[in-house]
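With the hints as extra help, turn the sequences into a complete structure.
As you go down the protein sequences, you meet chains A and B in turn. Residues 14 to 770 (my numbering) are what the first sequence spells out, left to right. Residues 582 to 740 (my numbering) are what the second sequence spells out, left to right.
Cross-link-like lysine-lysine pairs, in silico, BS3-like; alpha carbons within 27 Å at most: (1) 175(A) with 199(A); (2) 660(B) with 255(A); (3) 724(B) with 651(A); (4) 660(B) with 247(A); (5) 736(B) with 724(B); (6) 656(A) with 700(B).
Cβ-to-Cβ under 8 Å is the rule here; a few derived chain B residues that face chain A: (7) 619; (8) 624; (9) 659; (10) 682; (11) 714; (12) 718.
In silico negatives: residues of chain A with every beta carbon more than 10 Å from chain B: (13) 78; (14) 179; (15) 180; (16) 210; (17) 217; (18) 327; (19) 351; (20) 370; (21) 371; (22) 377; (23) 425; (24) 522; (25) 604; (26) 688; (27) 728; (28) 748.
Quick caveat, the hints were computed from the structure, so don't treat them as lab data. Note that CB positions come from ideal geometry on N, CA and C, so glycine has one too.
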Amino acid sequence: MNAPFISADAYFTDVMREIGALPMPERTQLSRRSILKIGVAGGAGLVLAFQIGGAGKAMAAAPPVKGEFVPNAFLRVAPSGRILIYSKSPEIGQGIKTAFPLIIAEELDAAWTDVDIEQAPINPAVYGRQSAGGSRSIPQSWDQLRQAGAAARAMLVSAAAKDLRVPVSELTTADSEVIHQASGRKIGYGDLAIKAAAQPVPDVKALKLKTRDQYKLIGRSFGGVDNAGIVTGKPLYGIDLKIPGMVYATYTKCPAVGGKVASANLDAIKKLPGVKDAFVLEGNGLVAELMPGVAILADSTWAAFRAKSALQVKWDESDASKDSWSATVAKAKDLAGRNGNEEIVKTGDFDGAYKGAVKKVEAFYSYPFVAHATMEPMNCTAHFKGDSAEIWAGTQTPERILSSTAKMLGLAENKVTVHQIRAGGGFGRRLVNDYAAEAIAISKQAGGIPVKLTWTREDDMAHDFFRPGGFHSFKAGLDANGKMVALSDHFITFTADGKAPVTGGNIPKEEFPFPMMTDAVLTQTMLPLMTPTGAWRAPRSNTNAFAFQSFLHEVSAAAGRDHVEFLLELLGEARWLVPGNDGALNTGRAAGVIKLAAEKAGWGRSLPKGRGLGMAFYFSHAGHFAETAEVSVDANNKVTVHKVIVVGDIGPIINMSSSINQTEGAVIDGISTMNLELSIEKGRIGEGNFDEYPIMRITGIPEVETHFIQSEYAPTGLGEPALPPVAPAVANAVFMATGKRIRQMPFFKALSTQASA
Amino acid sequence: MITLTVNGRAVEVDDSDPSTPLLWVLRDTLDLVGTKYGCGVGQCGACTVHINNVPMRSCSTPISAAAGQRITTIEGLAKDDGTLTAVQKAWIDLDVAQCGYCQAGQIMTATALLRKNPKPTDEQINTAMFGNLCRCGTYIRIKQAINAASESIAKGGVA
Numbered sequence: 014m015n016a017p018f019i020s021a022d023a024y025f026t027d028v029m030r031e032i033g034a035l036p037m038p039e040r041t042q043l044s045r046r047s048i049l050k051i052g053v054a055g056g057a058g059l060v061l062a063f064q065i066g067g068a069g070k071a072m073a074a075a076p077p078v079k080g081e082f083v084p085n086a087f088l089r090v091a092p093s094g095r096i097l098i099y100s101k102s103p104e105i106g107q108g109i110k111t112a113f114p115l116i117i118a119e120e121l122d123a124a125w126t127d128v129d130i131e132q133a134p135i136n137p138a139v140y141g142r143q144s145a146g147g148s149r150s151i152p153q154s155w156d157q158l159r160q161a162g163a164a165a166r167a168m169l170v171s172a173a174a175k176d177l178r179v180p181v182s183e184l185t186t187a188d189s190e191v192i193h194q195a196s197g198r199k200i201g202y203g204d205l206a207i208k209a210a211a212q213p214v215p216d217v218k219a220l221k222l223k224t225r226d227q228y229k230l231i232g233r234s235f236g237g238v239d240n241a242g243i244v245t246g247k248p249l250y251g252i253d254l255k256i257p258g259m260v261y262a263t264y265t266k267c268p269a270v271g272g273k274v275a276s277a278n279l280d281a282i283k284k285l286p287g288v289k290d291a292f293v294l295e296g297n298g299l300v301a302e303l304m305p306g307v308a309i310l311a312d313s314t315w316a317a318f319r320a321k322s323a324l325q326v327k328w329d330e331s332d333a334s335k336d337s338w339s340a341t342v343a344k345a346k347d348l349a350g351r352n353g354n355e356e357i358v359k360t361g362d363f364d365g366a367y368k369g370a371v372k373k374v375e376a377f378y379s380y381p382f383v384a385h386a387t388m389e390p391m392n393c394t395a396h397f398k399g400d401s402a403e404i405w406a407g408t409q410t411p412e413r414i415l416s417s418t419a420k421m422l423g424l425a426e427n428k429v430t431v432h433q434i435r436a437g438g439g440f441g442r443r444l445v446n447d448y449a450a451e452a453i454a455i456s457k458q459a460g461g462i463p464v465k466l467t468w469t470r471e472d473d474m475a476h477d478f479f480r481p482g483g484f485h486s487f488k489a490g491l492d493a494n495g496k497m498v499a500l501s502d503h504f505i506t507f508t509a510d511g512k513a514p515v516t517g518g519n520i521p522k523e524e525f526p527f528p529m530m531t532d533a534v535l536t537q538t539m540l541p542l543m544t545p546t547g548a549w550r551a552p553r554s555n556t557n558a559f560a561f562q563s564f565l566h567e568v569s570a571a572a573g574r575d576h577v578e579f580l581l582e583l584l585g586e587a588r589w590l591v592p593g594n595d596g597a598l599n600t601g602r603a604a605g606v607i608k609l610a611a612e613k614a615g616w617g618r619s620l621p622k623g624r625g626l627g628m629a630f631y632f633s634h635a636g637h638f639a640e641t642a643e644v645s646v647d648a649n650n651k652v653t654v655h656k657v658i659v660v661g662d663i664g665p666i667i668n669m670s671s672s673i674n675q676t677e678g679a680v681i682d683g684i685s686t687m688n689l690e691l692s693i694e695k696g697r698i699g700e701g702n703f704d705e706y707p708i709m710r711i712t713g714i715p716e717v718e719t720h721f722i723q724s725e726y727a728p729t730g731l732g733e734p735a736l737p738p739v740a741p742a743v744a745n746a747v748f749m750a751t752g753k754r755i756r757q758m759p760f761f762k763a764l765s766t767q768a769s770a
Numbered sequence: 582m583i584t585l586t587v588n589g590r591a592v593e594v595d596d597s598d599p600s601t602p603l604l605w606v607l608r609d610t611l612d613l614v615g616t617k618y619g620c621g622v623g624q625c626g627a628c629t630v631h632i633n634n635v636p637m638r639s640c641s642t643p644i645s646a647a648a649g650q651r652i653t654t655i656e657g658l659a660k661d662d663g664t665l666t667a668v669q670k671a672w673i674d675l676d677v678a679q680c681g682y683c684q685a686g687q688i689m690t691a692t693a694l695l696r697k698n699p700k701p702t703d704e705q706i707n708t709a710m711f712g713n714l715c716r717c718g719t720y721i722r723i724k725q726a727i728n729a730a731s732e733s734i735a736k737g738g739v740a
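Here it is as structure tokens:
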């Protein structure tokens, strides 16, 4: 098809590659440019040596002041003993601004109370990956950050050895001090700063990193570094920014993506109180950057918002989206019975195995589009200065703002400065920087005045990169022993370019349990879509988990088997699914979390009438998670989730407090979102604000019990993988409680349209 | 001009549009940006301030209605010497925040609750906090922090 504008899919593919968020089989097909960009994260010794090595001083975030020890771009030790650590990636609520410095401080052997933390400047040439996405921050920075801390520690120890005239081998470190045990002498890091700065930078390969039993910080609980600022209302977020000469802006785009401004009452708007200017931007045709719209500039946010409400735009919608969710649902139901025209998995002989099955199970699952709805609406402050540009943004991909702004304005990348600012939520929304492109374009068209663009909540709901809806039509066959011997899924999804599924709407051939099946088929149909989609917390996994893990429970129930035993049989012996790939599913780790979740939940115990216990397992973002939900359902079909038990294996935990918080949040997000939906008609999102998109409130939240199996593997991320099993665990529990099977999100609709079993 | 009393300080603000929401005067005019914009229609609670000790949505309170009233924002909770309230301390001790954007509003609502009812039941906490959304889902810790603050107040802490 010939789209009149370019969807965000290519942008997402690029970003996901760069941040290492693609699953391993896809990640191996990296372009050379991507490899160079993520070289550090991949552990390329040379690049790393360059960053924490001799050139480090030249690459410091700011030039050293007198007497300061600045071994590399990640930290600096002042003669006072204060240690400043730069956290290189954006804080969006995932806790990375605390976790990254903890890793550095651990290897530095610093006392946490001596540490101050700042966000690093955006400079991927120095820091490598500076994004937040795909739960990849920890795994991709683990070696780099540990080596940055260890290199600094080695230099401090060398300096102390000279000072004390003892061999390095007689020295130890603890709490920001070098200690000579034999003589009882100690020197603080601050006192060593000047001399350490004169020490040669050690060879990365020679650095001795701590073993896990030596950790003093990693694995314990630490409060978020911005907590004090948060509880006292300090200006921490992008929306709080004020710079000299700044004006306040709004931007109004066509509610159906792709619409252009035919006319607008700009003269009337310009006369409104507080309004300084109003004009049309043509856009550059990229949904991920700049679509057409009307900018209003005013002397306060309120003056801009008030004027926006008086704005009347006549949209030319000839090329705009006409998407309709209701029409899509009807079409998908129509297609459900047949196979899709594209084969993703074909192994053995599904038809033969299904024909020979003793028992057959068929089911149709669906889920709608949902929004990210971060609490802080999209906003950005930008200043176009003619031959340079400066941008302040809460974003998940600051280095992308750097490159895209440079390209858009025709500037060299070193003429663009990007400041990363704490973001009031990400969930994947802030992987796209459309709001930043709008802000800088408005600043430019306004003649180079600094502009703070703030989206209204309604803008934010209307112009998201939504989680796509989708449909699965399943068939499974059981043999006489209750073993699943045939499996098929016709996956109905969307495409923007007619070639590949939209972002967040795909299914990999490794989807569990296809690799375990002898006779299986997975086909796909792609329906055309213009509505922008994107990465919504655990993209594709959050919906595929619901469909697959619920259907697997349908199968085990039809077989009359215990679901835990059924899952463990499917997983089989302990092995890596893709040998040599530690980002892949490990059936031993999977079995481990399932068994522990079952044990903690008292799996198999008898429950009071009306109560049910459900279990779901899912592997995503290198994390293995099993979750149980205990629910009850009242006479009005209202589901109460009493307790959720989460067992995860993501290797060692960095910060226990934020990890538990993140897990509890994922559970509540999962329960919240299983009851949400967006309507799309005539290309427009039907919901405008929180009254129409009721994310979960404090009432009805479950008890959440979190357990981590801290296995010996390198740590992986936690922003996403705890979420996907929540919805199927609840759906399976509802079945156990009532005999009613939920095959549709939002759950409340599925139950209200179902008669009692 | 009208006079607003914010955190004990009287300030003159432009009232040429008396329907201007208090939220935007706090944020854009008085640089008190701890009070947050989330929805603009009183649905999310991120903009909660105290007006005469009652938690109110500043996004839906016109300055004409706020004039002459005692307004307290998140910046005005701690004492002048920086001593935090029991609620603020509990929010730090329990490490409540994830993204943190909604927490000023949560803290203002929780503070008003505990000043009126220092030992709330779970039900009373739910009722009081119902209007404050947290997209990160920190509700479990919000409840824990309210209970911790309640205990601290029972031992002489200041709400």
